[in-house]
Structures are given as C-alpha cells and as structure tokens.
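Got chain A sorted already, so can you dock chain B onto it with the hints?
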Amino acid sequence: MNSCLLALAGNQNCGKTTLFNQLTGSNQHVGNFPGVTVEKKEGALLRHPEASLVDLPGIYSLSPYTAEEVVTRDFLLQEHPDAIINIIDATNIERNLYLSLQLMTLRIPMVLALNMMDEVRASGNSIDISGLSRALGVPVVPISASKNEGVAELARTAVRVAKEKQLPEKMDFCSGEVHKAIHAISHLIEDQAAKAGYPTRFAATKLVEGDQPTMEALHITENQRHIVSHVVEDMEQALGTDREAALADMRYQFIEQVCRDCVVKHQESREQIRSEKIDRVLTHRVWGIPIFLGIMLVIFWLTFSVLGGPLQEWTEMGIGAFSHWVSGLMESASVSPALRSLVIDGVFAGVGSVLSFLPLIVLLFFFLSLLEDSGYMARVAFVMDKPLRRLGLSGRSFVPMLIGFGCSVPAIMSTRTLSSERDRKMTILLTPFMSCSAKLPIYGMITAAFFPRSGGIVMMGIYLIGVAVAILSGLLLKNTVFQGKPVPFVMELPAYRIPSPKTVGLLMWEKAKDFIRKAFTVIFVATIVIWFLQSFSWGFTMVEDSSQSILASIGSVLAPLFVPLGFSDWRATSALITGITAKEAVVSTLSILTGAAGDAQLSAALAAMFTPASSFAFLVFTVLYMPCVAAFAASKRELGSWRAALFTAAYQTGAAYLTGLAVYQIARLFI
Amino acid sequence: MPAVTLDKIIPGNSGVILQVGGEGALRRRLLDMGLTPNTKVTVRKVAPMGDPVELFLRGYSLTIRQEDAAPIVMEPLPAQPEKAEEKKRCL
Chain A
0 MNSCLLALAG NQNCGKTTLF NQLTGSNQHV GNFPGVTVEK KEGALLRHPE
50 ASLVDLPGIY SLSPYTAEEV VTRDFLLQEH PDAIINIIDA TNIERNLYLS
100 LQLMTLRIPM VLALNMMDEV RASGNSIDIS GLSRALGVPV VPISASKNEG
150 VAELARTAVR VAKEKQLPEK MDFCSGEVHK AIHAISHLIE DQAAKAGYPT
200 RFAATKLVEG DQPTMEALHI TENQRHIVSH VVEDMEQALG TDREAALADM
250 RYQFIEQVCR DCVVKHQESR EQIRSEKIDR VLTHRVWGIP IFLGIMLVIF
300 WLTFSVLGGP LQEWTEMGIG AFSHWVSGLM ESASVSPALR SLVIDGVFAG
350 VGSVLSFLPL IVLLFFFLSL LEDSGYMARV AFVMDKPLRR LGLSGRSFVP
400 MLIGFGCSVP AIMSTRTLSS ERDRKMTILL TPFMSCSAKL PIYGMITAAF
450 FPRSGGIVMM GIYLIGVAVA ILSGLLLKNT VFQGKPVPFV MELPAYRIPS
500 PKTVGLLMWE KAKDFIRKAF TVIFVATIVI WFLQSFSWGF TMVEDSSQSI
550 LASIGSVLAP LFVPLGFSDW RATSALITGI TAKEAVVSTL SILTGAAGDA
600 QLSAALAAMF TPASSFAFLV FTVLYMPCVA AFAASKRELG SWRAALFTAA
650 YQTGAAYLTG LAVYQIARLF I
Chain B
0 MPAVTLDKII PGNSGVILQV GGEGALRRRL LDMGLTPNTK VTVRKVAPMG
50 DPVELFLRGY SLTIRQEDAA PIVMEPLPAQ PEKAEEKKRC L
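In order, the protein sequence lines correspond to chains A and B. Sequential numbering from 0 applies to the first sequence in numbering that gives the first Met the number 0. Sequential numbering from 0 applies to the second sequence in numbering that gives the first Met the number 0.
Please note that the accuracy of each hint is not assured.
As the list claims (entries may be wrong) - Below, computed lysine to any residue pairings styled on SDA-like, alpha-carbon distance capped at 25 Å:
1) B:Lys39 x B:Pro1
2) A:Lys39 x A:Arg636
3) A:Lys477 x B:Gly21
4) B:Lys39 x A:Gln266
5) B:Lys39 x A:Lys477
6) A:Lys276 x B:Val45
7) B:Lys7 x A:Arg636
8) B:Lys7 x A:Asp248
9) B:Lys7 x B:Glu74
Stated by the list, open to error - Over 12 Å on every C-beta distance to chain A, these chain B residues come out as not near it, computed from the model:
10) Lys7
11) Gln18
12) Glu74
13) Leu76
Claimed, not checked - Derived list of chain A stretches under chain B, where covered just means 3 residues or more per stretch with a C-beta under 8 Å from a C-beta of chain B:
14) 188 to 197
15) 265 to 277
Derived from the structure by calculation, the hints contain no laboratory data. Treat the numbers as computed from the prediction; the structure is a model and nothing was measured. All C-beta atoms, glycine included, are put in the ideal place defined by N, C-alpha and C.
Just chain A, with the same shape it has in the complex:
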C-alpha cells in the first residue's frame, strides 16, 4: 500500500491536540521541527496505518512573523504532504476560516474538520455543511473531537482526498483591485514560482502582501520588485488602504459572505455565554488575582503535601528497598567493592534521588494541563501580564515561574506552551531563581546552625532575594542578550471547556517519559561522574576518607574563589559541587565531610566553618547558582542546544557569585 503523509493544521484552542490524539491513539512520537524548538508530533492514523499524521503548531495565519507560522509554511511547501486536515472551531468559524483560506492557496488536497459541532447544535445554531463545502470547494466533515464523533469519517475522507489528489476547487477569494493585482503578479512570476516549488497563486498573494521570505525563495529580480511595488501601489491607491490590510479585509469579507449563506447563529454559543459568566469571577478586578493565587496555593498544597509527599516517600522507599536488595545480592555474589559502590552509592543514590521527584512532576503536569486545557491559563496571562511586561515578558511566563517555587524541572518543561521563543529562553533562565522545594533542607541546616530564632525572616529574605535577582536579570537581559522585539501580546481568551481526560493523560505520560529518559541519560552520567570524584583519589584508587578524594582536591582549588563571599572551606565548595546532582546533596555532603553524626554536631561543625554573615552568603549562593542536573537537562532539552543551556547555567552561577558577594559584604557590616 502507498504510504501517505497528512498534516493537521488549525488555530490554537480549536481542539487540535484532542483531535490528534483521537486520530492517532496513543501511538505518537514527539520531536522538534528542524532548527527550532517548535514541537513536532507525529503518529500513524488509527485504522489507516499507511497514513502518518503530523501535528503542525497552532497558528492563526501564514504570516512570516512567528516561528510557528514559518515552520508550518516551510513544512507544507517543502515536505509536500499528501493532504491537509484543517481543523476549525465551528463555534468561532469566522476567525478560524481565515487560516483555511490561506491553506487552500497551497495547492494541497485538503479536508475541513468542523469541530465542536455538538456545541453549535446544543446552542440552537446550525451550519449548512454541504453549502459550506460548495462555497469553499473542499470536503467538510462535521466532528466533535472530544466525543470522538465523526473522527473515523474524517480519517477516511482525509485518506481519500490524499489518494485521489483532490485539490481545493476554489482559490479565488478576491475581487476587484486585489484580484487584479494578484493576477498581474501571477503572470510575472509563474516560472520562478514553479522552480521554487511554490504554488503560483500562493506566491503571488504573498508578494502582494509584501512577504519577504517569498521574495527570497523566488529570487525576485530588482526589475520585478519594481513592477510588483508598482502594481501594489496602484491597488493601494484604488482601495485607499495598504497591502496587508487590503488582503486581510478581502479574506474576511469573503468569509463573512460564506457565513451569511451557511451559518445560522441565533445567539452566541452556550460555552461563550458561560465563559463570560465565569470570567466575571475569575478575571474580576478585585478578586481575579487573589483567586489565581488561591488556585496555585491549592495546587502546591495538593502536589507537595497531600498527594505528592506520600507518593514521593513511597518512591524513595521503593528505590531504597530495591537498592538494599541489589546491594545484598552483590555482596553475596562477592562483586568487587568498587563496582558495588558505583551501583549503590553512585547510580541508585543519584538517579534514585532524582527519580523520587517523578510523582511530583506528573502531579504538577496533571494540574497544569487542567489549567491549560480548561482555558484558565490564558486568563492567568491576561491577569498577570502587566507586572511581567516591564521585564520584557508577557503574562504567559508567570505560571512557569510560579511552578519554579515547587520544582524547576516541570517549570522549565512547561515553558513549551509559551508562544515566543525569546520569552521561552528568558523564562527558562529566570525560573531557577525561584527557590525550589529541594533547597528547603539547606535552609533548615543553615538556620538551625546560625539563625535559630529568626529562621522565618532568613527564609523570607532568601525567597525575596531570588525574586529580586530574577527581576534585575530580566531588566538586564532584556536590553542585552534578549534584545529585539517581543512577540506582540495578542491572545485569544478561549471559551472555558472541560479538559479531555485522554489529552490530560497523554500529556502526563509524555512528560513522565521525558523525565525518565533524562534520568537515565544526562542525570545518570552526571551522578556517576560525581560519585567517581567523591570516591577516588587522583591515583584512581578508591578512598575510604572523602577528604582524600578528587572532589576534595577540586573543592580545595575552588575554595579561595569564595574568600570574598566569606567562606573558604574546601568542604563547603565540595558540597556545592555535589549540589549540582540534586540540591539536597549539599546537606548530605556537608554532613559526610564534617563527619557529623546528627544535626547538633553538624551545626557545631558549620559554626566552625562559617560566620553568620558568610553562612548567609553561602545560602544565597546555593539558592541562585546553576540548578540541579535534572533542571539543567530540562533546560537543555527546551532550549534545544548545549550552548544556550551552558550559557544559562554560567549566567546563573555568575549571578549567584555576585549576589553572594554583595550579601556578604553588606551583612558583614551588620552582623
């Protein structure tokens, strides 16, 4: 059987992910589009194994401005899919059809999936399906992705139009002056378009719009450029408007006509009306922000204490028991102590401690996907946009940062929902400054030793310093590394809907898989390296006393660097190195290296190592310097490059050093 490639395209919030999951089942794999960190999901069609479906990013237009739109356009023009499934929210048909009109000019077989038809009917409205199909010249299949209605029919139609190469019949949406201009330019560039693999119509329309990538792809000559601008000027003069507005206006006028003929809308959809009512509370002038903070508080409480705490403990216990069992097994098989130490102290201790975070991550993503899929996340962005704008970010970055207070790993992973690459990079860099829960044991250790009576104030201070460093960094980076125009904040507030269990479940599974893969690759290697440094001397013999280890000598070399921060003990610097595997390791390393049994002895040992001022500087440094390997691996994955990930880690460590320095020098004057 001939294989065929289908592409799923549509706006954001139109049920595209749900439809993709219904069409492919759970048989899908996730990657990135080449060269960009835009997610690419691919899967075989259920009951049509010969057809594979690629989920294109959710976009509103084929303009050349956003990475998502460019990726979509490049994919459609270069990969030549056999058909496009264009999903449309039937309750919001006008704006959704705007993309359809642009897709239709690509000369690719296409089928329109009219989603949420159940809602249209339930609201007492109706759409003339065959009329719409005639008006647009493409097959239209009414579906309800969340109820899995019409999906099988859609798949059959898509495969059929792909095999029969049934092109959209109608491509002429324009009239009058725009029509004239497109025609004139079509004749001019026909050959070049064919050579570049661009459909003539699409290329001509794009040239009328003044689209730069098309000019380059077609190798438009200087002379042609003049003719094009002349044609466009004539058009603009005749219409009294400019090229971009003229084309947008033309498309919407055509759509309005189609809707007048085919859509019967007595009233706004029930979901739309319900959403407005819900928003009277959730985005209320006074209550909007408290309610949002309350929701986050409940999520944190559920994740970290009610559900996540016990789950995390069980996982730890399970891994501990398993490790114990393996240890016993290896002992009775008289495996060499070095190998046993590698497996137990290296792999089990390192990967195990990271894996115990898995329940927290899965739970957080459960709540996050509820927030995202219900439509609430867009409201959060709406409510919190103003404070973040000063940092050059938008309201969308608020949630990842907030999650950073729980755990940086899911926080960084969740930046994938940010639509702008610049915002994503900056958010990934700033999020670890929000002090995560794994750092709590370190606070406990230091406050017990130095600030037993003012622990609360010290902790509060640390959190505030983290936020302050993030704000300052945002301001600094906005004007240096992340210069350039932020993507405009023009965002749909989708109607509230009940999230589909399948979508939520698949997302949790996807994130869990992602994290486990990281645990056994990057984190696995990192923990073995640290274990090796901790257990061996430079002569590559195993040491009993950690003070003889490579780690200790690296710690000693680094120690003088921290004199300006008030501490220069090699044990402190060694602990900072092991802290890179997981932040709690700072505490365990310090207790091993000081040989302290119990908290009281540890406090005494620390008192000899630090002054109160330098302990505070140590604490500040620990909070701010590069996050643990799990978070580092997550940022490498989301940033898509080692270089960017290493820059991020270096920046964080640099910021930690400077802040620690400032804190120590100031604190010395007072304490």
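Positioned in the frame of chain A, the structure of chain B alone reads:
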C-alpha cells in the same frame, strides 16, 4: 460621534473599526485576528492591574494591550444602557 482610538473606549461599550494603524508584526497580527475595518468590537473589560483589555469580536474574546489598541481608530457606537449598567455591577 467623533472617532476615538480603541484604548479610549470604556469597558462595556462597542465601536466599529475605521482604521488599523501601527506597523509590522503587531499590526499584521491584529489584522489576522480579525480586527479589520468595519468590524464591530466590544470592549469587555480591563485586567485587574488596568491593562491589558479584553475585546469581543467575531464571536470570540481577544486580549490586547492598551498601547497596542491605541493605533486602532474606532467609530464609537452609542452605549447600550442596560448592558453598561450590568457591566458596572460586575466590575
């Protein structure tokens, strides 16, 4: 009524777009999202911190920032008394 810019329309009131100013990516985005001339737009509300605004047009809600709404020139429609009243209550 004299033309005003979109950011000056009081929540609860509507207008018809006369002209979409501005330039580049932002303007293109506004046009793509359906803010084209002759479209009726209702300003639904303002976010708690005074910005951005929520608009309602073509059967869906859209949020944009005040400064981005400023280049959009509108012909205001007469306020609908009962709707405006309702808005006041829920603000």
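- Index of numbered hints that the structure contradicts, given in increasing order: Violated: hints 5, 7, 11 and 14.
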